[in-house]
Structure formats: C-alpha cells, structure tokens
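S.K.: The residues making up each chain are set out below.
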Amino acid sequence: MEKYKLGKVIGIGAYGIVHRGLNLETNQIVAIKRFYTFDCKNGVPYTTIQEISMLIEMYHINIVKLLDVISNTKNEWYIIFEYLDLDLEKYMVTYLKDSMEKHTIKYIMHQILSGVMYCHKHRIMHRDLTPDKLLIDLNASVVKIADFGMARAFDFPLRAYSPEVVTTWYRAPEILLGSPVYTTAVDVWSVGCIFAKMLTRQNLFAGASKNEHLRKIFSIMGTPNERTWPGVTSLPYYPAGLPEYYPENLEEFFPDLEPAGVDLLSEMLCMNPARRISAHRALQHAYFKKKKRKEKKEKKMMILDPIEEEKEEEDDDDP
Amino acid sequence: VEMKDIFEEPVMDIDSCDAKNPLAVVDYVHNVYAYYRKIESCSSVSTSYTPQQSDINEKMRAVLIDWLVEVHHKFELRDKMLFLTVNITDRFLAQQGVAQKKLQLVGLVTMLLVCKYEEVLVPVVDDLLFISDKAYTRKEVLEIERLMLNTLQFHMLVPTPYVFMRRYLKICSIQQKLELLSFF
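These protein sequence lines are chains A and B, in that order. Reminder that position 43 of the first sequence reads as 43 in the working numbering, one-by-one numbering, no gaps. Reminder that position 37 of the second sequence reads as 1037 in the working numbering, one-by-one numbering, no gaps.
Derived from the structure by calculation, the hints contain no laboratory data. Keep in mind that a hint or two might mislead.
[To be verified] Cross-link-like lysine to any residue pairs, in silico, SDA-like; alpha carbons within 20 Å at most:
hint	chain 1	residue 1	chain 2	residue 2
1	A	74	B	1161
2	A	74	B	1038
3	B	1139	A	197
4	B	1134	B	1104
5	A	41	B	1134
6	A	74	B	1142
7	A	197	A	100
8	B	1139	A	65
9	B	1080	A	28
10	B	1139	A	28
11	A	65	A	19
12	A	41	B	1161
13	A	65	A	28
14	B	1038	B	1161
None of these values were measured; they are calculated from a predicted model.
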C-alpha cells in the first residue's frame, strides 16, 4: 500500500469501506475499497474473490474500472478503482432542483443499459442496481456501474442463487415472491425502477415492508395471475387475499414522458420475468431511436453523444 | 457466400425450445459462448508445462489430480467445480515452481478457492487441514492462497471443458446416462 495514500471514507457497504485515495506515483485520485476481514481463520473472504474476479475482466466505458489489487501479509485486501465524485442519487438531489431534462434521462438510461448488457453478455448479473451504485463523471458525461459486491457469474442453465439480493425498492417481483431461481431480468427490473425514479424523482414502488412493497407493485402493474405469469401463484410468498388489481396506465404516472418511453418502461417493469425485455432489446427500443430534425440541435449541446457512438461494443473487451 | 448459405440452412436452432424457459437466458447464450471461446485460449495451459518444474513431474501431477477427484467426491461438490479446480491447479503450476512436498497444499488451496468462488462454504480451512492429515499449517494455507490469487491475478472465471461439453450435449440432445458418462 506504499503506493497509495488513504483519504477520508466515502462509502460504507456490507463488505467493506470505500476511501478516497491518492496514487502517490501518478497523483491520480482513486477510490480504495477495503474489505472487512471477519474471519481471519479462513483466509480471503469469498466476496473479495468474487468481486475482483468479475471486475478484472470487464472493460467497458459504462462500468467502473478496476485499477489495482493489493494485499498484505496481514491478509488485508484493497481494490483500487477509478474515482468518480458523484453518484446518480446525489446527482438528482444536489444538482437538479426539480426535474431532469428529458434528453439527459434518455442519455443516462442508454448508458446504464449498455453497461448492463455488457455484464449480461459476459455472464454476470449485477443483482444490486440502485441509483447510488451508478457513478457519474460530470466532465465526460459518463455513467458507470459500480459495486459488484452482490454480482454473480451465472452458468447455463441457471441454478438457484441467494434470494437476499437487491435493495428492496429496486427488487424484482420474482425475488420478492420467493422464486427459487431468477435471471438477468432482475437487473432490468432495477433499471426500470431507476428510470421511473429519474422521471419523477420518487420511487415508483415504495413500501415500508416487503408485503407493502409487493402490494404497491401489484396496484400499479396489476396483480399477476396464472395467465399473465404461469406458475406465479405457486411461488412461496405469493400473497393470498390480495385484491385483483388491474394494471394502471403508466402514462398517467409519467405525463411528461414520450409514448415510446412509456412503452419501454412498461416492458422493463413487466411482472413476468420471462416476458420482461432484455437489456439488449431495450437498447434497440424506439425510445432510443433519434428523431431526425431535433438531432442536430441536441448534438451541439451534448459533450459526448453515446447513442450514436455505442452501436456494437462487444469487441472491445480484452481478457 | 453461396457456400455459406447452403451450410447454414440445416443448422437446428437448439435454443428455440428454451425460448419460454427464462433460466436458459436465450438472449445471451450466444454472446456468452462466443466470449468463452475468446478467452478459452488464455485460460488453458499447454500440456507440457511439467518440465519447467524442477521438483515435480507429470506422474506427481496425476496423483494429485486423482486425490483431488477423491476429495471432490467426499465433499459432494458439483462436477463443474472439479474442472475448475484442475484448471486452476494447472495454471498455477505452469507459472510457479512448487516443491514436491507443497504440491498437495497447492491442490488443497485450489479447492478452497473454487469453493469460495462458488459460494459453497462447506470445506473451511480446518476441514482441508484435516483431510491432508495435518501435513500443513493454517499459516501455510493462507500464504499459498494469497500467492495463488496474485499469480493468477484473480482470473478465476475461466471456461473449462465442462461448459463446452454442456453446450455440445445440448446440441446432441443426449440422454442423461450418456451425459453423466461424458463428464468422465
């Protein structure tokens, strides 16, 4: 660790503390994640192994870059990341007094989905996407997905994974209902919730408890049944005695959103995970197609135009 | 171009039957396998790395692998994990000289890493020390663990023959008996 100087704490998570830090050789500001070592008897914590082994092979503009991994003889592990001073949560609170520009939302959504698609194509589920895990670089206007502490690499076919993932408000209904298996679709649901939050600055499905949360989802998206989601009623936590809600018209919740946006949002918040849109298809959705005339004006205002730049970036990974 | 057209036609779409099974992640299965192919070459080792080792030879490696298979059975771990264990052991041995008496330790630690990676938390360091008949100390285990992670630079998520075999088996739509046999 001689190379780096630890600065103030900028974040505390379930598995470690994140410090601001300085690379003494290059004077570059970095983020340093220090893992807790609960259990010295059993060596490197498995969360450390998982997070590093996943991040080490990800090279994408919308995913936070891992710069270095350092360990010492006391079995303390540090991960050095690029430093970004802002996350989406803070950005919404401090920089934007009331609402976000429509094109900014579209632009951020496109970047999040690009990052998520990259993960999924590299058989990784993030499983904990929330606004505070999305870092923002204001100068370059880039959004980066961070904190892979909950992420997992999957196999074909998927097997059962831990149900305790994703911060509650962004948790997909199949997890809330206790489905033993879930897929990459849980990430898409979370991104849908983030989309809704950017539009209204409020959580679309905010409930104090898990049941309250489920009820809230059902009251807006409609109570799922065997016809809309085969197998749903036999899931462990399918609540008995809930009223049969009909799906609400999402347009009423988001009056300022263009019709294509409403359509994309409803596809991302599709209750049945098998029918939910994938990140890959979401990126091809009409919402991201540009209108010809407006395009020229907008282009001058934006520093970087991701929608045109990132057509196919599967090839930029270098293992 | 014409040749290509002729060849592509009879290819059966093996994923279409899974279109309704979300667990098959049909949307991404091609991407993931393409990625596996791409990184396969950097994640496999040449078959002839043993001469670079001064203290161990092919025979010892074979004995080690046999022992790992046995341990693997005892802990009732998934097949996939055995392939990963062998892969990591080989990749480590191809990069680091290991003394003969430490060879078993390397095998043990690999197993520990794979279990940690796969979130199977059954064998802890104590179990491993026990099955090795207390030949090593905890300190040695932890030291080798750190050395291995640093040597392999955390490249743990490598495609093994197992993942490719699964795909081939799917293409052949084979019976379960043969499927089990194929993993030997």
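S.K.: Now look at each hint and say whether the structure bears it out.
M.R.: Results for each hint:
Between residue 74/A and residue 1161/B the alpha-carbon distance is near 36 Å, which puts this suggested pair outside the 20 Å criterion. With a C-alpha separation of about 37 Å, the suggested pair residue 74/A and residue 1038/B falls outside the 20 Å cut-off, and the hint is violated. Between residue 1139/B and residue 197/A the CA atoms are separated by roughly 50 Å; this puts the pair beyond 20 Å, and the hint is violated. Restraint check for residue 1134/B and residue 1104/B: satisfied, since their Cα atoms lie roughly 12 Å apart, inside the 20 Å limit.
Simply put, residue 41/A and residue 1134/B have alpha-carbon atoms about 15 Å apart, close enough for the 20 Å limit, and the pair holds. Restraint check for residue 74/A and residue 1142/B: satisfied, since their Cα atoms lie roughly 10 Å apart, inside the 20 Å limit. Under the criterion of a C-alpha separation no larger than 20 Å, the hint pairing residue 197/A with residue 100/A is consistent with the structure, at around 10 Å. With a C-alpha separation of about 32 Å, the suggested pair residue 1139/B and residue 65/A falls outside the 20 Å cut-off, and the hint is violated.
Note on residue 1080/B and residue 28/A: the hinted pairing is violated, with a Cα-Cα distance of about 41 Å set against a maximum of 20 Å. With a C-alpha separation of about 35 Å, the suggested pair residue 1139/B and residue 28/A falls outside the 20 Å cut-off, and the hint is violated. For the given pair, residue 65/A sits about 16 Å from residue 19/A by alpha-carbon distance, which is consistent with the 20 Å threshold. Restraint check for residue 41/A and residue 1161/B: not satisfied, since their Cα atoms lie roughly 33 Å apart, outside the 20 Å limit.
With a CA separation close to 14 Å, the supplied pair residue 65/A and residue 28/A stays within the 20 Å bound. Straight-line distance between C-alpha atoms of residue 1038/B and residue 1161/B comes to about 14 Å, which keeps the hinted pair within the 20 Å bound.
Of the hints listed earlier, those the structure fails to meet are numbers 1, 2, 3, 8, 9, 10 and 12, in rising order.
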